[in-house]
Structure formats: structure tokens, C-alpha cells
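As they're listed, the protein sequences go chains S and F. In terms of my numbering, the first sequence opens at residue 1 and continues consecutively. In terms of my numbering, the second sequence opens at residue 1001 and continues consecutively.
Wrong hints could be hidden among the right ones.
[Unchecked claim] Short derived list, chain F residues pointing at chain S, Cβ under 8 Å: (1) 1002; (2) 1005; (3) 1033; (4) 1051.
No lab work stands behind these hints, which were simulated from the structure alone. C-beta atoms are modelled at their ideal positions from N, C-alpha and C, and glycine is treated no differently.
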Amino acid sequence: MNAPGGWAERIGVRDRRTIARAISAVENETADAPAVRAALAAAPGHARVIGITGPPGAGKSTLVNAIIREYLARGSRVAVVAVDPSSPISGGAVLGDRLRMADHQTDERVFIRSLASRGHLGGLSRTTRAVVEVLSSARFDVVIVETVGAGQSEVEVAGVADARVVVCPPGLGDEVQALKAGVLEIADVFVVNKADTPFASRTVSELLGMLALRKPAAWTPPVLCTVATTGEGVAALVDVLEAHAKTVADGAGGIWAPANIEFRATKKRSQIHDPRKGFELCEIESEVREDPLTGETARICHFALPARQLPELAWLAESTRAGCPFCPERVEAITPRYPDAFVAGGRLRRGEAVLFPNLFPYDDVSAIVAMSREHFVPMHALPPDMIADSLKLARDFIRDAARSVKGREVFGIVTWNYMPPSGASQVHPHMQVIVTDTPGNALRRELAAESRFLERRGVAYPRALLEAERSAGQRLILEEDGIAWWAPYCPVGMLGDAQAVFAGRATLGACSDAELEAFARTLARMAAAYARLGQWSFNLTLLPEAEGGACGRHWLTARLLPRFYLHPHLHNSDVAYLQLLLGEKFGMLTPEAHAAALRAQLQRHS
Amino acid sequence: MSAGKGIKVIVSMIGLDGHTTGGEVVSMILRDAGIEVVYLGVNQTPEMIVEAAIQEDVDAIGISSHASNYSLIDELIALLRRKGLQDVPVICGGNIPRHDIRTLKEKGVAEVFTPGSSSASIVNYIVANTGVRLGVA
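All chains, please: the whole structure from these sequences, using the hints.
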């Protein structure tokens, strides 16, 4: 579009068509999207974001209509983002929230935008955060985000809003419903709407009963009654939201206040006479970062990136085919079997995947999953089904095998070392599965640090980290179907790496088939993005909580680490003294630049 | 099934026309064709519809009309032009007599669908006459 004065300026003066088109640009990722995002970054807004969630028919839209009126009366400008579900069949949608907000349709101080969820789970659409940023940048004082009619676990609004209102219609269940995890946990304010109907007072007392069991905190969510159709109780609700804003500003905050994750870094400057610049006196910068959980340091330095060059992969595949123990024609004859008492039939199968014991075991229970019938599967086209079937097979094996392992805590750890630079001795795709009381130093230290974090902050570290990464944004790579990928603040890989969390899942055993399929799809896309960046090998490890554990302190985390020979001819390693002898992470790329490169690859091929 | 992917439209009644069934049926037809429908419901003034069209950045406006409220449709079209939204087609549907169809089209209504119109004809018209947004994944 021709935008005299540019996007930033026209959004800043609240030009309504510009705002609407800026939203379309970020929602549909049109050619204008980068310019819009640049404008938002240049002039971020300071709107207070209020999330409204609750089950279908609770009266959310009608309540939003009443809240708009109250804020207008107090002199605020109000924007609304209302999300309704897309049809899982056609992709179409009927967006009906606006219908309930007709009172403010033509008011200049109000801007309402409907979004379809477009298959995104979690109660919002994938781009809701960006849409909120547009409206905030347009200097609305308040942005209200209304979720789709939420069940119990659509809690994504918690990461978008400064204050979360959970609307509970009367009479939906007994006190057990109120105890359950999920949407009730994220509330800063409970609203029992339709308070003029029977059962309302019982719903109030059940919510209060649930809250009484919680640990005291700086902000205890109040339970309010409203009748949204008449506006009754809405002024009190807005009073409470204002009080909450002050409490949060004072640094206390509710249980969901962003948990002050600190991303600390120190710049290092080396003064040298640089021969590349005629021995001029120069400063060369590098950086030491601190892991926000463990405080361990990582270096980002030595920006001497070698040109990437792929080896002859077809030759590598052919020359290793004849002796491959995992190819279907040999796997039965060459690989070992478990005793029948441990695994009936000695081996397990699912789809193309076959699980059997490692002839060179790492522990009491040490298995291999040959993932495919195909000997060589290129990294830019890893089939999601192959990954998902292998993970499901590993999951089911771990569940049974864990019973046989002695130890206070037993961990089922799955690793995929793909192609030789990763340390794999076989080209044929295969995973390592160990079930052990010895999860490794890194995971042991991480879990201990997460326990301390939980004790001090009252929230699981991965949940707080995910929220912090979402609000920082620059390291986020991909978020889809409950799986979020980002570039860790402290890089492990010399040329960058990525991590993903399974939100609210402690172990592989806690993951449903659908969740593993969703993860497999995102992993395949991530691997393809890395392949397009010139990578051809990786380590992938899934770091779990102990078997049977809950997701209180730790969420199942995937670390994806591209591996390579630093110089294609020298075959020098991407692991050096820093990592092995000094025990320090080391990257030659900032995770922010790395995430941007991956995002660009994903976008180009989405 | 998703011919309409990437298209966003308004479906609304206008003025005091309280007949909602037609608009709701059409909304579902469009939804099932992959179109995102912002359903405004009844008692909408031309100003309200135009404001919604601006804020929602829609590709077309569908007006369900069963009460001969054509002067408000004229006003809607005039207002769209004044606000620079002349490129957003207005499509009418309902029990509209044949001679009124000609008048509506002369006034700037893009197309009129009368009772008996097939779902496919409505969807096809919208798909053919709106610029499908680019970049929808």
C-alpha cells in the first residue's frame, strides 16, 4: 500500500485503515509484514493487555462490551482482539464476537478486530500477539484479548495478557472442577457472570474454596460477580483490574507475573592492532552470557565462520549401504534380541520403526530404534511419520522398561544422532533409548536448578522461560500445536542450536500420539531449515523429568544441535577445548541472529 | 472445500430487517467454503457496517435483505465510496424482486442472489470477485 509518512507514522496517528491493514499484514504474512514489524519495533506501545477467557457461552463477548463502556467512561481508548475458532474441516470461520459489541461499533475511541484461530490451539490465533502489538503501537490505552471459548487447557492468553480474567458461568460443575489444573490457574481475576441466575452463589463459593487452598501470594485472585447484559458489577471489575496493574507495577504480581527471568550478558573487548586494517588500533567485541537458570557461562566469539559445504551425501549413502546392520534385509539377522520375559518376541515394531537392544549398551537398558526401512533419508525431507512412529515406539518401551530399573528416579532418554559428524557410526537413521537412574550431569544439574526455581518463584522454570522468550520474541523460531522452538540464550552449538518444549508434559510417556506427531512435524521442518542453511548432521536429545513425575518443575525439552566438521577438508571438530575441558558453551553466532535465519528459512518454505 | 481460503467477508442485515435465517445460512455456506465470515447480525446501520469493514479489512460485504430496505443499501454504497472503500464489493441476497435487482446494480451493488441460488454460485462469485490475500499458510 502507499503509506505516505510510512507505517509507523500512520499507525501512530491511529489511521483506522492503516491499523486494519497492518493487522492483515501480520495476520496473513503478506509482503508488507516485514515493514509493519519494523514500524512496531520502532514505536512499541504501552497498552495494558487484558485477557478474557472462559468456556463457550460464558458471556465473554457481552462482558467485553460492558468493559469497553466502563473504560470509555474513564477516558481510555480501547481496542479489542476477539478470536473465534476456524473450522477444522474447511478452514473457514464465523466470527460472531463483534455482534455482542455493537454498542461501540462506530465509536472513534474503539477498534475491534475479529481473528479466526486458523487451527492454532491454545485459545488464540498464531498471530494474536503481533495483532496486539499493532493496536498497542496505535496507542490504545487498553487492548482486550478475548479467547475462543476455552476448555481447560487453552491458557496461551496467559503469555499475552498483563491481566487475565477467567469468566466462569454458574453451574458448570462441582468443586473438583475448580481444583483442576489449567485455565483456572492462570486467572488474576475470576468473574462469575450471569450472576442473576441460580447456582451463581454456589459457583462463587466453590471458587473461593479452591483459592483458600492456595499458598498466600502478593496477589490473590478475587472472585467477582457480574451481569454483563446490564453492566452490573463491571465497574468493580475494572477497579480490580486497575488495582492489579498497580500491584504488578510494584513488582509483586499474581502467580503468573512474568517470573523475572534475567538474560545477563557481559561484553568483552579485545584491543589489538589489526593487520587486516593496516595495523590500526581496533577493539574486537565478544560476549559472555549467563544461563538464566543455572548461571553457567557461554561465550559468543570468534566470528570466523567457515563456508559451509555439503559432502557427497549420495556417495556416503551408497558406500555404507552394503554393510548396514539396520537395513530391513539384515536387521533381523544381525541385531540382538531382548529376552522374551523383558520384551515379548525380542524386538518391538511400529510403522517402519524397529526397536532392539544395543549390542554395545550404555546402561542396563540401552536400546536402538532403527527408524526407517530406507537406508538414507536426507535431512531436508525427514518424514514426520518416521519420526513420530519412532518416538511412540520409544515412549511405549520406556514405560515398560522403567519398571525393571532400580533407583529412586528413573529417566527414559531418547537421542537421535543423525549422520557421522554427530558421532553416529551408522548412516541409517536410528535413535538411542536409555532407561537409567543416571540421567547425565547436564540434566541432573538442570533439574536441581529447576527445583530451586520452583521453590523460590512458585512456577515451573520452563513455563516462565517460554513466557519470557515469547515476550522477548527475537529468539523464538516456531510455535505450533503446543510445541515452541527457540534458540537458547546460551548457545551450545558453534553454529547455533535450538530447543523445544512440550508445554505441560513431564515425560515422553505423558505425551499423546497427537502431541508426538505435532512435535515430529515441527522437528522435520526445523531439520529442513537447518539443511537449507548448509547443515547435514545433528544431535537431538529429549530431556525428561523422572518417569512418573509431574510437570511441576520440568517440562520435556528437546535440544537440537547441528553438528559439522568445522572445515570440510581438515575435518576439524566443532567441539573444542572450551566445551570439553573448560566446560563452557561456545557459539560463533548470536542466538538472536540464528533464530532470525531459521525463521527466514521456515517462512520461505511454509 | 476450501476454495475461499484467505477471503474475509462481512455478512449483515441492515436497518430494521430482523430476518436472520438467510444471513446465518449463507454464513455457514461461506464458512464451509473456507471463508472467514464476520457476522454482524441485525440492526446494523450503514455507518456500523462501513466501520466494521474498515476495522476487519474485509474483501466483500454481504447484505441479507428481506424487507425492501433498499435506501439503506444505497446509503451504505455511498458511504463506502466516501470512505475510500469503493473496491469492496457489496453483494445482496434475499427475496428481492427482479426490477429492484436492476436498480440495485445501477446504484453499485455488485451482485444479487435471489432465493434458489445455489451455494456454489455464491461461493464462486465471491472467489472470482475478491482479491485473495497472499501469504496465507
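- Where does the structure disagree with the numbered hints, that is, which hint numbers, in rising order? Nothing - there is no hint that the structure violates, so all of them hold.
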